[in-house]
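A.B. asks: Sequence:
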Amino acid sequence: SWKLHGWGGYRGQRGGVLLEAVHLSTAGFKELAGAENTGFEKTEVMFKGRVHTQPTAPVFSAWELKLASSHEDSRETYLGLSDEDFAENPYQRYPASAEGRMRWHRTQAELRWQLAADAIDLEVVGYHHWQRRRWRKLNRFRGGPSLKDILKYPDDGQAAIYAGILRGDEDSAVFDQELMVGTNDRQFHSFGAQAEGKWTVDGEKVQSSLQFGLRLHGDSVHRIHTEDPHVMASGVLTRTDDETELPTENRGSSFALSAHLHEELGLGPILLLPGVRVEVIRGEFHNLLSDEQSAETRAVALPGFGFYGQATPWLGVVAGVHRGFSPVSPGQPAEVKPEESWNVEAGVRIARRGVNLEAIGFFNDYNNLTGQCTFSVSCDGDELDRQHNGGRVYVYGAEAALSA
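Our numbering numbers the first residue of the sequence shown as 657 and each following residue consecutively.
Some hints here could point you the wrong way.
Subject to a maximum C-alpha distance of 30 Å in a straight line, what follows is the list of computed DSSO-like cross-link-like pairs (lysine-lysine) [unchecked claim]: (1) K808 <-> K793; (2) K686 <-> K698; (3) K793 <-> K804; (4) K659 <-> K686; (5) K804 <-> K686; (6) K686 <-> K793; (7) K659 <-> K698; (8) K704 <-> K722; (9) K722 <-> K659; (10) K698 <-> K793; (11) K854 <-> K722; (12) K854 <-> K704; (13) K659 <-> K793; (14) K659 <-> K704; (15) K722 <-> K698; (16) K686 <-> K808.
Please keep in mind that the hints were generated in silico from the structure rather than gathered at the bench.
Can you make the complete structure from the sequences, with help from the hints?
C.D. replies: Here it is in structure tokens:
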């Protein structure tokens, strides 16, 4: 393994530049027959440039540009080992995982503007991120038991034959014993602009800090999942002459507008923190294989209120209630609902003679808790990436910290 990290730049009175690069590489510690490389290479390059006015000027302004590009090539697999094989050698990999490989490339661009004048602070940023990720891996056998069941019960009935094929001890003899090696090819794209500002008033009896923000954001994903038939022959994973299959191709996208307003109002020993966030989200999904399309727009207002009171010089009281929300991803079944909740907390903070105590009680009321079926929890096929309703959930408890 080795690492190379270098950077250089210049900083003057009115700005500066920075160029930084890092490369990580390893041959890997897993063992494949034929001594194939099981490691990775990862490289990232970043540029930052900044120009600004005189720092002591009554009105301060600054522009900053950030550009980055990164790449990774990892010869990694989802396929694990049976318990017996892991106990024998935890570093081995089955020949059936020989084509496991993830490659991705990502670019990033951000342009930021800052303004500070008396009681006003303002920051505006535009951003654009793009990434393509291709992970090639063993998905399944064309027929027979699932990979999970084969590794869980490698000596039971027909599973023993399929386990032998994974290890390279047996050859694929029939159609159902072909190994389907698939590539999850996905392109991610996100872009947008946001503005955040703060207006501060610092009086003798009243202190105020009003924060406000507005964001326009768009993102999309294009999924292309393919599968190539292979056979195990003399311990080597070999591509057949059959055509590549295309089980999945779809596009999902979202466009969102969000705005928030948050106040920190100090009135002597009392601090009030009211706020609200408004979100309008439109999601679209297009299944390119069946030509099915869906779209949905959701709008939600999310209020919140916090309180802190200094009851005595050594005792503080804290409380808050906030609305929680998590939207539904594009392309989900119509019955899937957003995740919504009310979150309440209250407690005390004590600081006296070197002793500090904080005790907080909380109660979270989820009108609906959502879950998602992923490949890492053994979901596959039509259920992969599907969200589901978990129903009403209560989460409550208390926490405390003491130091002296």
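A.B. asks: Against each hint, give a clear statement of whether it holds in the structure.
C.D. replies: Right, here's what the structure says about each hint:
1. K808 <-> K793: holds, 19 Å
2. K686 <-> K698: This hinted pair holds, its Cα atoms lying about 18 Å apart.
3. K793 <-> K804: holds, 15 Å
4. K659 <-> K686: holds, 20 Å
5. K804 <-> K686: holds, 20 Å
6. K686 <-> K793: holds, 16 Å
7. K659 <-> K698: holds, 10 Å
8. K704 <-> K722: Since the Cα atoms of K704 and K722 sit roughly 5 Å apart, the hinted pair holds (cutoff 30 Å).
9. K722 <-> K659: holds, 23 Å
10. K698 <-> K793: Roughly 19 Å between the alpha carbons, so the hint for K698 and K793 holds.
11. K854 <-> K722: holds, 24 Å
12. K854 <-> K704: Within the cut-off at roughly 25 Å; holds.
13. K659 <-> K793: holds, 27 Å
14. K659 <-> K704: Measuring from Cα to Cα gives roughly 22 Å; hence the hint holds.
15. K722 <-> K698: holds, 20 Å
16. K686 <-> K808: holds, 21 Å
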